[in-house]
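Asks: The primary structure of each chain is shown beneath.
Number of protein chains: 6
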Amino acid sequence: MATVTLWSDAQVEADPRIKDVFDDIRATRKSDFVNNFWRALANQPAVQERRWASLMEVMFATGALDPLTRELVYIAVSIANGCSYCVHSHTAAARAKGMSDAQYGDLLSVVAMASQTNALATALQVPVDQAFSAS
Amino acid sequence: MATVTLWSDAQVEADPRIKDVFDDIRATRKSDFVNNFWRALANQPAVQERRWASLMEVMFATGALDPLTRELVYIAVSIANGCSYCVHSHTAAARAKGMSDAQYGDLLSVVAMASQTNALATALQVPVDQAFSAS
Amino acid sequence: MATVTLWSDAQVEADPRIKDVFDDIRATRKSDFVNNFWRALANQPAVQERRWASLMEVMFATGALDPLTRELVYIAVSIANGCSYCVHSHTAAARAKGMSDAQYGDLLSVVAMASQTNALATALQVPVDQAFSAS
Amino acid sequence: MATVTLWSDAQVEADPRIKDVFDDIRATRKSDFVNNFWRALANQPAVQERRWASLMEVMFATGALDPLTRELVYIAVSIANGCSYCVHSHTAAARAKGMSDAQYGDLLSVVAMASQTNALATALQVPVDQAFSAS
Amino acid sequence: MATVTLWSDAQVEADPRIKDVFDDIRATRKSDFVNNFWRALANQPAVQERRWASLMEVMFATGALDPLTRELVYIAVSIANGCSYCVHSHTAAARAKGMSDAQYGDLLSVVAMASQTNALATALQVPVDQAFSAS
Amino acid sequence: MATVTLWSDAQVEADPRIKDVFDDIRATRKSDFVNNFWRALANQPAVQERRWASLMEVMFATGALDPLTRELVYIAVSIANGCSYCVHSHTAAARAKGMSDAQYGDLLSVVAMASQTNALATALQVPVDQAFSAS
Numbered sequence: 143m144a145t146v147t148l149w150s151d152a153q154v155e156a157d158p159r160i161k162d163v164f165d166d167i168r169a170t171r172k173s174d175f176v177n178n179f180w181r182a183l184a185n186q187p188a189v190q191e192r193r194w195a196s197l198m199e200v201m202f203a204t205g206a207l208d209p210l211t212r213e214l215v216y217i218a219v220s221i222a223n224g225c226s227y228c229v230h231s232h233t234a235a236a237r238a239k240g241m242s243d244a245q246y247g248d249l250l251s252v253v254a255m256a257s258q259t260n261a262l263a264t265a266l267q268v269p270v271d272q273a274f275s276a277s
Numbered sequence: 143m144a145t146v147t148l149w150s151d152a153q154v155e156a157d158p159r160i161k162d163v164f165d166d167i168r169a170t171r172k173s174d175f176v177n178n179f180w181r182a183l184a185n186q187p188a189v190q191e192r193r194w195a196s197l198m199e200v201m202f203a204t205g206a207l208d209p210l211t212r213e214l215v216y217i218a219v220s221i222a223n224g225c226s227y228c229v230h231s232h233t234a235a236a237r238a239k240g241m242s243d244a245q246y247g248d249l250l251s252v253v254a255m256a257s258q259t260n261a262l263a264t265a266l267q268v269p270v271d272q273a274f275s276a277s
Numbered sequence: 143m144a145t146v147t148l149w150s151d152a153q154v155e156a157d158p159r160i161k162d163v164f165d166d167i168r169a170t171r172k173s174d175f176v177n178n179f180w181r182a183l184a185n186q187p188a189v190q191e192r193r194w195a196s197l198m199e200v201m202f203a204t205g206a207l208d209p210l211t212r213e214l215v216y217i218a219v220s221i222a223n224g225c226s227y228c229v230h231s232h233t234a235a236a237r238a239k240g241m242s243d244a245q246y247g248d249l250l251s252v253v254a255m256a257s258q259t260n261a262l263a264t265a266l267q268v269p270v271d272q273a274f275s276a277s
Numbered sequence: 143m144a145t146v147t148l149w150s151d152a153q154v155e156a157d158p159r160i161k162d163v164f165d166d167i168r169a170t171r172k173s174d175f176v177n178n179f180w181r182a183l184a185n186q187p188a189v190q191e192r193r194w195a196s197l198m199e200v201m202f203a204t205g206a207l208d209p210l211t212r213e214l215v216y217i218a219v220s221i222a223n224g225c226s227y228c229v230h231s232h233t234a235a236a237r238a239k240g241m242s243d244a245q246y247g248d249l250l251s252v253v254a255m256a257s258q259t260n261a262l263a264t265a266l267q268v269p270v271d272q273a274f275s276a277s
Numbered sequence: 143m144a145t146v147t148l149w150s151d152a153q154v155e156a157d158p159r160i161k162d163v164f165d166d167i168r169a170t171r172k173s174d175f176v177n178n179f180w181r182a183l184a185n186q187p188a189v190q191e192r193r194w195a196s197l198m199e200v201m202f203a204t205g206a207l208d209p210l211t212r213e214l215v216y217i218a219v220s221i222a223n224g225c226s227y228c229v230h231s232h233t234a235a236a237r238a239k240g241m242s243d244a245q246y247g248d249l250l251s252v253v254a255m256a257s258q259t260n261a262l263a264t265a266l267q268v269p270v271d272q273a274f275s276a277s
Numbered sequence: 143m144a145t146v147t148l149w150s151d152a153q154v155e156a157d158p159r160i161k162d163v164f165d166d167i168r169a170t171r172k173s174d175f176v177n178n179f180w181r182a183l184a185n186q187p188a189v190q191e192r193r194w195a196s197l198m199e200v201m202f203a204t205g206a207l208d209p210l211t212r213e214l215v216y217i218a219v220s221i222a223n224g225c226s227y228c229v230h231s232h233t234a235a236a237r238a239k240g241m242s243d244a245q246y247g248d249l250l251s252v253v254a255m256a257s258q259t260n261a262l263a264t265a266l267q268v269p270v271d272q273a274f275s276a277s
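Residue numbers (the numbering used here), protein chains in the order written: chain A, 143 to 277; chain B, 143 to 277; chain C, 143 to 277; chain D, 143 to 277; chain E, 143 to 277; chain F, 143 to 277.
If we strip away everything but chain A, and leave its shape as in the complex, we get (with noise of 0.2 Å):
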């Protein structure tokens, strides 16, 4: 299901605006294979370029983050917003970056321990200490 029609490559092929951001996709990630995100987002062309150019921008650019870390901060992002959709993508997009097992094992671990701190720290209300706050 969806809020609205995934296009086929049919359709896409017929639109030189969104075949552009297709070819584009299909160049950067040096495969055929362009997935049902941006099938969906093809029904607003102007949200769709938006969002690919910055998408290149963050995660294919030379950055102080190698991309394997940006694909992990990505993950653990989707997970605690509960985007089922992201969290599949990125994962797959993690394990093509390498992302080993052990790799996933601490991964899961961190996100855990996170979600886990977080509620007691919201359930205590504890007050920010002082020496956290840079102004």
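Since the list gives no way to pick one copy over another, a pair counts as held whenever it fits inside one copy or between any two copies.
Using 25 Å as the maximum straight-line C-alpha spacing, the simulated SDA-like pairs for lysine to any residue come out as follows:
#1 239 to 208
#2 172 to 154
#3 172 to 150
#4 161 to 194
#5 161 to 273
#6 161 to 244
#7 172 to 271
#8 172 to 238
#9 172 to 155
#10 161 to 196
#11 239 to 201
#12 239 to 169
#13 172 to 275
Because the hints were derived from the structure by calculation, they are not lab data.
Since the structure of chain A is already known, use the hints to place chains B, C, D, E and F on it.
Replies: Frame of chain A, contents of chains B, C, D, E and F only:
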């Protein structure tokens, strides 16, 4: 404010069970400073002992992810869960473990990007691609 | 799947209390279709009655915000809360009340933007400006 | 408190890249006041530039939804995400754009109603009706 | 800070509609103290009346769950939603209804455990067992 | 779908470390049925062992809250966190521990009420009353 009292060093000294955990925290972190989270949890010795034992295992042990990466994941979860205390304490911890301004900028960019695509995937209720499923 | 059984029309007919609410839903919406939410809530007549009464008051009554704006706000909350059922049902409701594709695109853009700046403001723990406080 | 320092006007003046964004914010809003969000983001010029560019595009451009409706959606998301700063700043922004007390009351009612039915639909794990799916 | 003004007792006295609700709160709780939540909601009399009526029905009426259990559930939801005000007020309410330190410790343990397994089940995207479905 | 494979009984039998946990689960619950959560976690033996040990300690041990109350709190957290799997499994567990339809109705009412007032308190950014603070 808090839902419990925060234990002073004098109170900690007077209770052997709590004192043991505080001694261990100070020794492990090689610092005299013990933050409010532990001073709040001191009201519940059993919860405190379990939490500290797990934290040592997950955050201080050698693992497949290096200590800074674990802190970045921890911060990401804490932001998504909206835990003010945890964001403050683990951002400070990440800096203590060497997080640079550029790395922090990357972290913020990925968290912001993930929050945005999480919202869009949820808004569109995008069905998970078969390719992303491991089972 | 569900944690309760979904009431069929035959079951509804046989229970006067539930039948009354279903009759009212059909009359108010001028449609025979009653969605699964009400078929699930039928297991708890008191909760169902209170929910339907409030919904009529908040979503169908004349107010300061027009019906479509109320649906847009409803969708926004449902996305942020990650409620799959509610996103689906209220996106359909918004369309039934005239939401255009362009309006839906704007909604998605604002929700995505807000999700992102929410994450950044929480990440940076920005203190609230005095100018924003009403008290 | 905050995880970063908040830039004073003097610091902003001394950094051309940040000064450009601040000048643009002041010109766009026709006001000298620049709120803490931008003073915190100033520590990360690249993140700040991208954020301000997107915000202008999404919140200030002409679109299918009027500016006040966009602010109401923004507030709704911020409440559901529990972002204290964003709730404060966008409630103030909505008032500046003409939100009446009656409209605010309606907004609160819809957000409260949605939060409640979100919880019930999730509690009962209601399956999505086929009629609500677009694909 | 707040997005609305908090009504003083003098302001309440001068407005019969609000005064009625405050009188009822004081009589029901057998206490003169009226907390800030109601002083903030006083700006929206219709929302306030509906909220107080529902709260009386759900939290003060005789039901299948005893009053303390209802408060524990209330605290649990408030922690998971990250509502600082609600965590504070309902932890105080639970104590007023007899919550012992040992019960509070158990509550914290269950909330922490649930937060952790919630994260893991979401991370792994575990499919629901057929045995758990009621329909 | 899932991000990992679900272990069959044959796979479990072949791995002594996982078999030990499964044997313990079956013995503790006095049932042959082992649900998908543990079949998914089997991919990470260290995480699995820690999780089962904690669960036993928190959910099966004698404590200040009775087993059904702990399940109600667990369900409440899982609803607020939007964990579909956990809502299903712990609603089933609560029923197995004797939760009546009337108790379930009360639980739903309190969770719905709390979700609503959480949203309102966050929307209004109500300052915490001094009377609610323990420190």
